[in-house]
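Asker: Protein chains in written order, with the working numbering: chain A, 1 to 95; chain B, 1001 to 1181.
Don't take each hint at face value.
[Claimed, not checked] Dumping the calculated DSSO-like pairs for lysine-lysine here, alpha-carbon to alpha-carbon at most 30 Å: (1) 73/A x 29/A; (2) 80/A x 29/A; (3) 29/A x 52/A; (4) 29/A x 1118/B; (5) 1118/B x 73/A; (6) 73/A x 52/A; (7) 1118/B x 80/A; (8) 80/A x 52/A; (9) 52/A x 1118/B.
[Stated by the list, open to error] Now the stretches of chain B that chain A is said to cover, found in silico as 3 or more residues with beta-carbon under 8 Å: (10) 1128-1137; (11) 1163-1174.
Just so you know, the hints here were simulated from the structure itself, not pulled from any lab data. Every residue gets a Cβ at the ideal spot worked out from N, C-alpha and C, and that includes glycine.
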Amino acid sequence: MEKNKLAYLTRLRTLVAEMEADLGLGDLKESEKKIYLAAADCSQSDRIVEIKQLLEHRLSQDIARPTFYRALKNLEAEGKLVRVDAKRNVLFRLG
Amino acid sequence: MKTHLIPLVVVSVAYLASYTMTSGFILPMQKLAFPEHVDLFCLLFLPHGVRMLSVYYFGFSGLLYLIPPSYVMWFFETRVNGLDLHVLGSLVSAGGCYLGLVLINAVLKFGSQRPLLKEWQILLLAGLAGSALNALGQAILNSGFSAWYLVAGYMIGDVFGQFALMLGLMVVFRFIGKQQR
Chain A
1 MEKNKLAYLT RLRTLVAEME ADLGLGDLKE SEKKIYLAAA DCSQSDRIVE
51 IKQLLEHRLS QDIARPTFYR ALKNLEAEGK LVRVDAKRNV LFRLG
Chain B
1001 MKTHLIPLVV VSVAYLASYT MTSGFILPMQ KLAFPEHVDL FCLLFLPHGV
1051 RMLSVYYFGF SGLLYLIPPS YVMWFFETRV NGLDLHVLGS LVSAGGCYLG
1101 LVLINAVLKF GSQRPLLKEW QILLLAGLAG SALNALGQAI LNSGFSAWYL
1151 VAGYMIGDVF GQFALMLGLM VVFRFIGKQQ R
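Isolated chain A, as found in the complex (with noise of 0.2 Å):
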């Protein structure tokens, strides 16, 4: 049950961050609101996401290499996605 009350508010708190993001409510910037959603949407089972789904998610995959990592720094910085320490991969997980 818990899990499912979870599952519920994330994918309700993801459609409002979606019609957020299209009415252009959001106080992110457009490159850190897509990295933020898809990171939400790739991380519904786990919560813990890699760099990798983030750079092919079809929200993020157009944003310029730069401008991602920027993004990223940003979220970081705000709190928004928390990096977990990992050997190999570079993992988030939602902050």
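Got chain A; can you put chain B on it based on the hints?
Answerer: The following block gives chain B in isolation, referenced to the frame of chain A:
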């Protein structure tokens, strides 16, 4: 049974709060703004948004969760406010929303259009279909409910109300986000 209790409570509270907000604030404002216009329908009917979110997230169970709060409001409107509402009206409203969502999902799946639309857009489309089915059902139930402007008014109120509720959720999430920073 326990797994249904929390969603039932959440949906009931949301439905009753949105209905109270609609009849206690939005409708009086509407009457003030447009006193000469018909007041048989509300131009911003928030409970439609709760109905759509309930069936969207909980499926058929969402329809069942809507029945108790709908009948609480039906009882209040008929016994306290003296309105003449059909006893099956609440059931038709909830059922119309569920069927609208099923219909839109089926159409989008058949036409392979689902990936082209965002979830909130699908939800609004389903809300429009649900509202049309609800208006059709109410027209069948109430023989006097045949004027086209009433049907159009109900649909406008439902869809605008759903959109307003979703905007309201946006504000709530932003507020929560700011509180957490």
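Asker: Taking only the CA atoms, is the gap from residue 52/A to residue 1118/B under or equal to 30 Å?
Answerer: 23 Å, holds
Asker: Closer than 8 Å Cβ to Cβ for three or more residues is the test here. Does the region 1163-1174 of chain B pass it with chain A?
Answerer: holds (count 5)
Asker: Check whether the Cα positions of residue 29/A and residue 52/A lie no farther apart than 30 Å.
Answerer: Given that 30 Å is the threshold and the Cα spacing comes to 21 Å, the pair holds.
Asker: Hint check: residue 80/A vs residue 52/A, CA-CA at most 30 Å. Holds or violated?
Answerer: Holds, at about 18 Å.
Asker: Need the status of pair residue 73/A, residue 52/A: alpha-carbon distance at most 30 Å?
Answerer: 15 Å, holds
Asker: For the region 1128-1137 of chain B, do three or more residues have a beta carbon lying closer than 8 Å to a beta carbon of chain A?
Answerer: Coverage by chain A is violated here, the residue count being 0 at a Cβ distance below 8 Å.
Asker: For the pair we were handed, residue 1118/B and residue 80/A, check the Cα-Cα distance against 30 Å.
Answerer: 22 Å, holds
Asker: For residue 29/A and residue 1118/B, compute the direct alpha-carbon distance and say whether it is at most 30 Å.
Answerer: 19 Å, holds
Asker: Does the alpha-carbon distance linking residue 1118/B and residue 73/A stay inside the 30 Å limit?
Answerer: Judged against 30 Å, a Cα distance of about 27 Å means the pair holds.
Asker: With a cut-off of 30 Å on the C-alpha distance, tell me whether residue 80/A and residue 29/A pass.
Answerer: 13 Å, holds
Asker: For the pair we were handed, residue 73/A and residue 29/A, check the Cα-Cα distance against 30 Å.
Answerer: 12 Å, holds
Of the hints listed earlier, the one the structure fails to meet is number 10.
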